[in-house]
Structures are given as C-alpha cells and as structure tokens.
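Engineer: Now for the letters of each chain:
2 protein chains.
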Amino acid sequence: MTIRSPLAPDRFPDLPAIPGVTLRIARAQYKAWDRCDLTYIELATGTTVAGVFTQSLCPSSEVELGREQVKGGTARALIVNAGNSNAFTGFRGRDAVEGIQHQVADHLSCAAAQVFVSSTGVIGVPLPMDKARAGVAAALTAAPATWEEAAATITTTDTFAKGASASAMIGGTRVNVAGVVKGSGMIAPDMATMRGYIFTDAAVHPALLQAMLIQASGGTFNAITVDSDTSTSDTVLLFATGAAGHPVLTDWDSPGADALYAAVHAVALELAQLVVRDGEGAAKFITICVTGAVSDASAKRIALSIANSPLVKTAIAGEDANWGRVVMAVGKAGEPADRDRLSIRFGDTQVAKDGLPVDGYDEAPVAAHLKTQDIRIGADLGLGDGRATVWTCDLTHGYISINADYRS
Amino acid sequence: MTIRSPLAPDRFPDLPAIPGVTLRIARAQYKAWDRCDLTYIELATGTTVAGVFTQSLCPSSEVELGREQVKGGTARALIVNAGNSNAFTGFRGRDAVEGIQHQVADHLSCAAAQVFVSSTGVIGVPLPMDKARAGVAAALTAAPATWEEAAATITTTDTFAKGASASAMIGGTRVNVAGVVKGSGMIAPDMATMRGYIFTDAAVHPALLQAMLIQASGGTFNAITVDSDTSTSDTVLLFATGAAGHPVLTDWDSPGADALYAAVHAVALELAQLVVRDGEGAAKFITICVTGAVSDASAKRIALSIANSPLVKTAIAGEDANWGRVVMAVGKAGEPADRDRLSIRFGDTQVAKDGLPVDGYDEAPVAAHLKTQDIRIGADLGLGDGRATVWTCDLTHGYISINADYRS
Chain W
17 MTIRSPLAPD RFPDLPAIPG VTLRIARAQY KAWDRCDLTY IELATGTTVA
67 GVFTQSLCPS SEVELGREQV KGGTARALIV NAGNSNAFTG FRGRDAVEGI
117 QHQVADHLSC AAAQVFVSST GVIGVPLPMD KARAGVAAAL TAAPATWEEA
167 AATITTTDTF AKGASASAMI GGTRVNVAGV VKGSGMIAPD MATMRGYIFT
217 DAAVHPALLQ AMLIQASGGT FNAITVDSDT STSDTVLLFA TGAAGHPVLT
267 DWDSPGADAL YAAVHAVALE LAQLVVRDGE GAAKFITICV TGAVSDASAK
317 RIALSIANSP LVKTAIAGED ANWGRVVMAV GKAGEPADRD RLSIRFGDTQ
367 VAKDGLPVDG YDEAPVAAHL KTQDIRIGAD LGLGDGRATV WTCDLTHGYI
417 SINADYRS
Chain F
17 MTIRSPLAPD RFPDLPAIPG VTLRIARAQY KAWDRCDLTY IELATGTTVA
67 GVFTQSLCPS SEVELGREQV KGGTARALIV NAGNSNAFTG FRGRDAVEGI
117 QHQVADHLSC AAAQVFVSST GVIGVPLPMD KARAGVAAAL TAAPATWEEA
167 AATITTTDTF AKGASASAMI GGTRVNVAGV VKGSGMIAPD MATMRGYIFT
217 DAAVHPALLQ AMLIQASGGT FNAITVDSDT STSDTVLLFA TGAAGHPVLT
267 DWDSPGADAL YAAVHAVALE LAQLVVRDGE GAAKFITICV TGAVSDASAK
317 RIALSIANSP LVKTAIAGED ANWGRVVMAV GKAGEPADRD RLSIRFGDTQ
367 VAKDGLPVDG YDEAPVAAHL KTQDIRIGAD LGLGDGRATV WTCDLTHGYI
417 SINADYRS
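Residue numbers (this note's numbering), protein chains in the order written: chain W, 17 to 424; chain F, 17 to 424.
By construction, these hints were calculated from the structure, which means they are not laboratory data.
All values derive from a computational prediction rather than experimental measurement.
Check before you lean on any hint, since a few could be wrong.
Any copy, or any two copies together, can satisfy a pair, since identical chains are not distinguished.
List time: in silico SDA-like cross-link candidates among lysine to any residue, alpha-carbon distance up to 20 Å [what the hints assert, rightly or not]:
| hint | residue 1 | residue 2 |
| --- | --- | --- |
| 1 | Lys369 | Asp111 |
| 2 | Lys369 | Thr307 |
| 3 | Lys87 | Arg43 |
| 4 | Lys47 | Pro373 |
| 5 | Lys87 | Gln226 |
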C-alpha cells in the first residue's frame, strides 16, 4: 500500500469472530505484486444473503450474476479477487466467474448460485482463469485468516485496511455484526471500486435482510462521494449465518429486528465513512448537512451537489471560507431553492443568512475550523423539513497525481 | 492576466466594426488592480436583444433583471462590471444594478429597462455603488475602444481575451456578427463565470432573435463544460442593431434568416470553444462525440457525463489511454446503454467494440494521439440515431493550484 491516508484511524479495530464465517486468503497474483489478493469466505449452511449493487448501466458480470444470486436468498461462500475487475470483458468475463463458482461449489457440495464472486481492479482485461483456478485451490485449503488480513487482501489502491463491528441483543441472545470494505468511490488508477461485506451470526429471513441492507445503505454507502464517478462494480453484501441460534427474524416486527438493524446501520456507516477517509488525495473529511429542503430526497440531491462540486472541494483543500461556492452548488442542483431564504454555516459559524452575508461576519472562527481535519458545512434552504447528511473529502493535488500522473 | 493558456490562439482575431455598436471602457477599480474593468457598449436606437441565462436557482440580481428585460425585446446599452459578481447580495445588489441602469438611461434618454447590466467576480459582496457610479460616468464619455480592449476589460481570471466573428448575406446585404466572451465555466478563484456578448448589424425581430440564440446555444455554450460547476450568473446576450438596413427578419422563413443563423451559430461555437481553451489549468482540448444513443438528448447527457468525469479528465491529462473510465462514465449517466453494444474510440482508433477490447488492439496510435493537444473521444451506444458533441478540457494540477492553493 502507498502512504497511509492522513485521515486513517490509528489501527484496525478488534472485530469479533462471527460464528459460521471462516476467512481464508491466498496469492492468485492477478498483478505483478507479492501479496495475498484472493479472499475466500466460507459461510455455514443456512446463511442468508442480501445485496445492493451499482446503478451503473454498464456493470460487470459479477454484478449481473450477483443481482440474480441474491434473489435465491442463501449463500455458502464469497470469493473476492483484487487486482482485476473483470468488467467490460464480455462472455470471457462471465466464463471466468462461472468457473470460480463451480470450483468452490464442488468443494462445498453446494449450488453454484450460492457462491458469490467479486472482482476489483483493472477494467477490460478478462480475469486470467489459470491464476484464478490456482488461487482458489490454494484458498480453499488455507489456514483461517484474521479480519485484518482479509480486509487487507480485498484492497487495491486503498492506503489502509478497513473494518467495523457492532452488536445487538435479540431476545436474550447477543449477536455480532462485522464488516470489511475496500475502495473510496471510483478512485483508483485502474478503476478500483467500493466493495463492502458485512457478516452477522443473527438468523434473518432473506427478505428482511435485504430490506435492512437497502434501508441501511441509503444514509451510509449511498451518502458518500469522493469524485462523483460511479463504478461499474460497486457491491455491498450482507450475510447472516444464523449461528447465534435465536428464532429467525422474519419481519421488522420480530423482537430484536430493530436492534439488529441499528447494528447493521452502525457498521455500514462506519465502513462508508472509512471509505471517504481513504479518498484519493484526501486531507479533509467533510460532513455536509442540508436542512429545510422541500423533502429528504431533495435535501440529499442538494447535499450531493455540494459534495461533488470541484470548486467546493478545492476551496476546502485550500482552507478557504469561500461560501459563495456552496451557494453556487445549491443553485445548480436543480432542486427547489430560494436564494433569499438560503443560509450557510461553516462549522458552528453562520456565514450567510436569508440570502445575505451575516452582518458583522467574523471569519476568524471559520478559518480556525477550516484548519482542522473534520469540516462541517451546513446549508438551510428555509423551505420545509427535508434533511440529509452526506460525507465527502477534499480535492487536492494528491488526487491529480494519483489519477493523471499515473500511466497504465 | 496570468500565464496565457497553452491552448490559446496566437492572437486576438480581427473583428469587423458593427454599425450601431460603440465600445467604451473605464476603470471602476472594483478590485485592487490597475486595469480597465468596466465596459460600456452603446447600441443604436432600434437595437433588438435576445438572452439566455444560467439555470441556477440562486441567480444574481443581474440575471433576474436581465430575464425580464429580454422580454421587452429592445436594448440601448450594455454595462459589464468585472471583479465583483454582485451575486447573493440581496436587495443591496439589486439597488446597485438599478442605480447603474438609471445613470445610463438618463444619459441616453432611454428606458432603464433598455440598459443591460452584467457583473462578474467575487460573490457575496454588494457592488460598491460609489465605484460603479464614477466608473460609469467615465465610461459614458470615454473615447471608443477596440474589440480587443473590450474583450480584455470583461475578463477576470481569464488568461486571454476572446472574440470571434462571421458574416452572412441577407438578400444583397452583407451583415456581420461579432462577439466577445469571458470565463471558462465556473472556474475562477472567486466564482468567475461565463458571459458572452454577440452583436450584429442585421435587423431582426426580437422573437426571432431569441429563437436563434436559444437554438444556437444548445450545441455551443450549453455543450461545453470545464468542471461541471454551474455559475450563478452565466449570461449570453445577442444584440441586433439593424444598421445594415435590409428588411427586418421576422421569422425563420425570412430570406437570409438561415444565413444569419449560421453566422450566429459559428460565432457562438467559436466563442464557446475559446472558453474551454481557457479552462483553468487546461492543457488538452477534448472533443467528445457520442453516437448511436436512443435520442440526441440522451447522447448529450452521456457526452456530458464523460466530459465531467474527473477520472476521464485526469486520464487525458496523464495521456493515459484508460478507456475503461469512458465505459464507467457512460454507465453512470443514467441513460439507456447496453454494455455489450458499446464501442469506444480514441482519435481514429477503435479501442473497444461491442463490449470487448478490440482484438489485437495496438495502443501505439492511441498513445500518439493522446500526446497531442486536441483529443477526440468517441462513444457509440449501438442503440439508435441519437448523437451529440460536447467540448471540455483536462483536469490538471493547474486546476487544483488555482482553486485550492488560492486564499481569498
């Protein structure tokens, strides 16, 4: 990995073991590197699965297959290839994925559709099937690995391994939720992407698990942006092994469903924010909170317009209290807005209110806030109760160096 | 001005005088600089006007007033302030504009609504009325200026003055069209914006003039992007003095209307492309042509998705034939697309076809093309007849330096 992001946490967290989940890693050597790049996660019989995928209309074979597989509701294994995204590779890409599925299914004596495959890395190069076959063979019989080892193995250009966990009480049973994630949006030299994998020993019906994942993603994975570029392969999968042994949660009214959802949401939020903290070239972690919009959906579109604006992101990089750029980003969002009701806040300081700079505006506290690593921008539309929060990072020379100075 | 863009033309073109148009410039000193920053353009009685304005929902007072004024259809003067955009300044901003209008209207004995005002520069600071008043007074009586002087006076952070002209035959009468433009999208340290002003001595009914400007803008000013950020004040005005003396053009069927439209379109296109050539930090001029989409509108949204992608723009900056990023940008556009019918072209070289890298793809001609200054990217969707072309520039360290390293 390259130099660790200045926004990275001090160390990888202690994640609990999840009964029913066994991690194994191997070297497929998809690129000319000397590191593990193939992760095999074995899941106990009876594991249910939920998934959310990229909205890209040019998705990878893995995403196309994954969407179908999630409908089946059960999973026995997850294979993650790092270094090759296998995207835009036509039938050859699909053959490679199906080859891996059958190899693992033969080993586990399960259906091929219960084997989930993700690939991340360079686009347009079919996954080399010989390397995949040898790597999978090695992984199937490898010794169990730690969460940190697995989290590192799924990375490509990430600068640190990312994981998070939470727990919940379901009746009298404590269940754990643990997850790992890689990427930082569409950020890497060869189209790295975001992949998140969350595991719990809770027992959950697939339909409820899917509902939980969709709801949790809205304010977490779908509320972050690094550079506005949507990958062809973004995937988040949530697996529930059921090993904790409590009665299966079947709907939102099942006792403990709310607690489990809260834990899943907490893990999803932490993982999503870790992705932003590893944004390419990121030096500032930015929280954008939009209130007073006509609806939550409108607030979110406005918040993302601010978060994706190169001029807002470069102003923060420059520690410049250029709130006019926030006004600009609100104005271009295409959502209901009234210039004369708009208020802007940097940190705890109101800088503009009701369409005018605040009288006697003192830039000193804003300048002090902008020198910190965690920046907060607030925009109140003054129109309704709609609100949304999104997270992003600044746009720096580091981003340009990683994406332009690089030659494939 | 700072260092001239490497994409700038060698010199300012020779623009013809437009009978009925008199240019004058003055020093209002809106900023601490020693240069002319106030342009006064006097228009003959009977001049008709058309205008297109920013889609921003947080526009400046000048834009709000301008939209109303255009409905009147006639103009006697244009004032352009450089160095202060007067945007997000509430009633104080509006007072400043109306003050200028009345000062000029008194001088010309015309209606205040016939005096158009544009302002460009820092946002959130009301235009200083004393400086405006003195500047306008000086400009009203200044000696006539050249096109190049006026084009330079309307600039803010532009690195070169921009102008273009064309001519057309209307019946037996030759008419000229000349225009100037400033800005490069939402590109400057303090929210500089795009302003374009086009003048002709043709005689055109305001409704037809407006129709011509709207139609011409679609494939020109509205088909360029530097950084995806939409300014609060973008404005293009088209003035027709009628001094050429031919019968007034009243609709598209009027003899010569097509020829005049072609000239207006040619000037608009050249001005729009000059804006891209002065994009902040630009080192490459990029033409993106999308074909085979389900409609022209769909093609344009896909083309803009490619043009606005930071990863595509940084790849071009790095002279990197990373066509996977083009696939990504097509996929995220939200428009109908089928991965397995998509073809990508760099310069004259097909790199991917029908969802796969081209067999035996030779990167050498692509690499040679990417070393040039004028880059062409083609994407064929293989779905229909929709097509669109847009223009943009690359994303370089220069953009970050200008927008982040700067401190207001």
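Engineer: All hints are to be evaluated individually against the structure, with a verdict given for each.
Structural biologist: Quick rundown of the hints versus the structure:
1. Taking the shortest alpha-carbon separations for Lys369 and Asp111, only the inter-copy value of 19 Å comes in at or below 20 Å, while the best intra-copy value is 58 Å.
2. When the C-alpha separation of Lys369 and Thr307 is checked against a cutoff of 20 Å, the pair qualifies only within one copy, where the shortest distance is 13 Å, while the shortest distance between copies is 46 Å.
3. In the homo-oligomer, the alpha carbons of Lys87 and Arg43 never lie at most 20 Å apart, since the shortest distance is 31 Å inside one protomer and 69 Å across protomers.
4. In the homo-oligomer, the alpha carbons of Lys47 and Pro373 lie at most 20 Å apart only across protomers (19 Å), although the nearest pairing inside one protomer, at 53 Å, exceeds that limit.
5. In the homo-oligomer, the alpha carbons of Lys87 and Gln226 lie at most 20 Å apart inside one protomer (9 Å), although the nearest pairing across protomers, at 54 Å, exceeds that limit.
Hint check: a violation occurs at hint 3 only; the rest are consistent with the structure.
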